[in-house]
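Participant: One letter stands for each residue in the lines below.
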Amino acid sequence: MKYRLEFCDVISKDNMGGGSSIFTKQELDDYQELTYFTKKEIHHVYKRFKSLAPNPEAVTKATKLSRDELYALPEIKVNPFKDRIVRVFSSSGDDSMTFEDFLDMMSVFCDHAPLAIKIEYAFRIYDFDEDDSLGREDLRKLIDRLTGEMKLGESDMEQLIQAVIEESDLDNDDGLSFAEFEHKMTKNPEFVTSFRIRM
Amino acid sequence: MEFNEQSNLLRNGGDRPTTSYGGRAQTVRDAEEYSYDNSSFAVDYEGLSSSDLVESSRSRSKSILGERESASDILYRLRYSFLDPDLDSEHVISETQDCLTGQDKLRFKEDILEGIREVCLPMKQKLRIRRIITTDRVNRRRDQNSKKYISSKSRKNGSGFLHLWESSITKLTAYFGSTVASYFTFLRTLFFLNLVTGIILFSFIGVPQITTGEFLLDLDDKGKTFGHFGDLSYSMLFYGIYQDAVDGFSLPLSYFLTWIAVNLLTVLYLASSMYLRYRRSKLSDTGSDFPFTWSMFCYFDFTINTKAGVKDHLKAFCTDLKEKIREEKSLEVVAWLKKLQIYFLRLVSNVIVLGLLGGSGYLIYYVAQQEPDERDVDFNENLKELAKEIYERYRLAAVVAILKLVVPSIFKLLVKMESYQPRTELKFTLARTTFFHYASLIVFITSLTKKADCIDGQEPQITSTPSSVPSNHSTNNSTSCATNQCWENIVGEEIFKLILVDLGVCIAVGILFDVLIAVFVRTRTCCCKMDYSEFVVTSNVLDLVYGQGLVWLGLYFSPLMALVAVVKLFIVFYFRYFVARFANIPPKKMFRASRSGSFYLFLLLITWILCFIPVVYILIEKTPSVDCGPFAKKDRAYKVIDFLDSLDDLPSWLSWVKDALDYIATAIVIIPVIVVLILLVLYYRVKSSSYNALIQELRRQLVFERKIERKKVFAKALSVPALGSLGKTTGSAVTGEMSRKTSAVTFTA
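Top line first, the protein sequences correspond to chains D and H. Counting with this note's numbering, you get residues 1 to 199 for the letters of the first sequence. Counting with this note's numbering, you get residues 200 to 948 for the letters of the second sequence.
Just so you know, these hints were derived from the structure itself, not from any lab. Yeah, the Cβ is synthetic: ideal placement off N, Cα and C, and Gly gets one too. Any given hint could be a false lead.
As the list claims (entries may be wrong) - Incomplete in silico selection of chain D near chain H, CB under 8 Å:
| id | residue |
| --- | --- |
| 1 | Thr63 |
| 2 | Leu103 |
| 3 | Leu142 |
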């Protein structure tokens, strides 16, 4: 089966030798303290970033990767939410990311990021219309993405959305605000294990 | 949203479009205020009007709030800076920083630096802020601080020994997701646990034995005939060889104490890791409180990054969701005739389950009581004889292993007859299978140790061998008999046999079912529509726990059993890994608790208790065999501790100690102690359920408060004439309770 081969083809961790010439000490310190990575991991992330660029040799810290180049990253290539992820973390808002945005993204998804920051970004990712609340339309789009090819019937969808709103909406505004979302997600130990990407 | 509307009305003309993010800040504050002091919900009208983000120059807000913004205020504003695109964070920070001096300044910088990581800003902005803070710092201070930060973050990079097999597990996670990976990490934990146990036991028991130079017992001079494994039986693997006299080192004491120490260490490790996980997960509710919300937002596993993996995962999600929706629908009234039928079927299946349990228990007991023919395996004989001999030796182990294979599958079939919800079905099957495993373990060990209570004169061939010492014992002492039978060795060997057979059965089943089916599907030999078999996490985990229980049972009778377990786990890991990679697909039904590792640890803990108690009973009640092992000369194994032994003959003035200890052990004391413990447990249960009720009550109150607040705010907003003339007019006034934080926050609405 062909997909078995694809599954085996995961990029393995490479070990970084020197490579400290790319960043100054000050920059490395800053990155280390602003993200949840160690210096070695930062170099590794930089290497992955470089590998996505069309010509890796010309990559500097200021290089911006376009959306399609980003979509080629194996860890998010098949993710149903990849467009939202790229949009949320792109600081210029146009789906292109510099290295710093990329580092930020990987830092939030790494194992060591605290729950609060993950919840914050998860909320932003799931908020499709960016109105700071997960309304019915957001939930509908979310379900569509998650069910993939097997669409849910209309009545099932309605029932599901209604059930979610009933469970979680405390102030009866027909949507989940951040506080409600946070309240539910902190109670669930699975959230941290599912909301992570390992480099 | 309500404050949005209000602030719209407050502004003259309302020409600036406000985003609807406005509601967020207030709701965050509300959610954080769990003390239902009404004042904390009251709106600071003064703060609202003055710190309107469009017009607020920093000086104006400062003058009205009356104080400088602290680091936490600034961080808070930064966190919600997406509400206000005009907020010039660097300007704010550099000006505040300039106003401070000395210690305050340093503290301000530290606070900002510590907090800036947690704020959701783009990296560029965070870097700029950091530059501002660190530019004019004294070098000495910076070095100190950077040391503090770096040391608190020194983590291993995943390449240490404790992360053995990490790359393989990552490869599996890419396709199967976190649930299957949790099985392998559990396997790894067991591997390390056994390794540590084995090393401790070996160094305290094995090494002294090695120094005596005796690795194998010399058969001839003692004329013993025990042992099914040939030379291996008399080796250090089993109890029999350990001596009771080693120069300068009391091996019996060491044997006993090391065993106790290893068990205590194990239980400490299990209990502490369960405690830590429990605390981390803050499980205040059970898993089924918000099924839909959780499955919507937490189900999707971002670690899967292969196309096929995502497809299967989403398919499982869809099935799970549809099941849940059906469950909701099916909570309807069923006709009473159908109900009767369902209850009858449930009764029947429970009776069958009980019958199976009882039957298998008796079968194990019966087979264990059969005395095997003590003959050596002679490979020169013909095949039939050979097969018969192997059958005789491995009879008990084979029976236990086959029962373990067959009975849980019967349980799975039975539970379908009972028409439960799918989740309940899973729970029932799991509970029954676990119970069956434990019951079989207990029956196994008790029926084996019945052999220790042997009856005189049952072994004709033994009494015929000439030996002076044993015959004395057998004639004098009626309780110790069948003297040439090293019963600890026999028990140890049976357990070892069972472990081997278990491993063999596991591999055989894996090959027969998973691999063969995979071959059929790939080559499309079978015309029927078959799919790969699933990787069933629950039954694999139960197998692991069962195997570990066997090891714990056997640790007393065979000190190196832990090292055997290490080898076995190594083999199992690679076997399962390759089967999973080439022949399995992810499970269609997700067992929710399997993602949190504390469930597995809980199973392990129960298994440990169930395996510790029988062995302790054996230590206390049974006499060690007289001619082999380190406790040969003692009446009871624990008497090797001199203090406990010398209890029998204390000086008269200390005899009250013995009397006291005897008294404690009687039923008069034990039963009240047990009753008190049960009462304590009940008390804590009641307490926790009352906390749950409190949580529900508070939640209701939260909803209620919001409704009331909304109505109040609307009423106020409609009655307000112009900007600035609000103030403390109408009762929802700011009270002294208002914290600085709240006042600095409500401006964002």
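Participant: Close enough to count: is the Cβ of leucine 142 (chain D) nearer than 8 Å to one in chain H?
Facilitator: holds (6 Å)
Participant: Does the closest beta carbon of chain H sit nearer than 8 Å to the beta carbon of leucine 103 (chain D)?
Facilitator: holds (6 Å)
Participant: Measuring from the C-beta of threonine 63 (chain D) to each C-beta in chain H, is the shortest one below 8 Å?
Facilitator: violated (14 Å)
Hint violations for this structure: number 1 only, all remaining hints satisfied.
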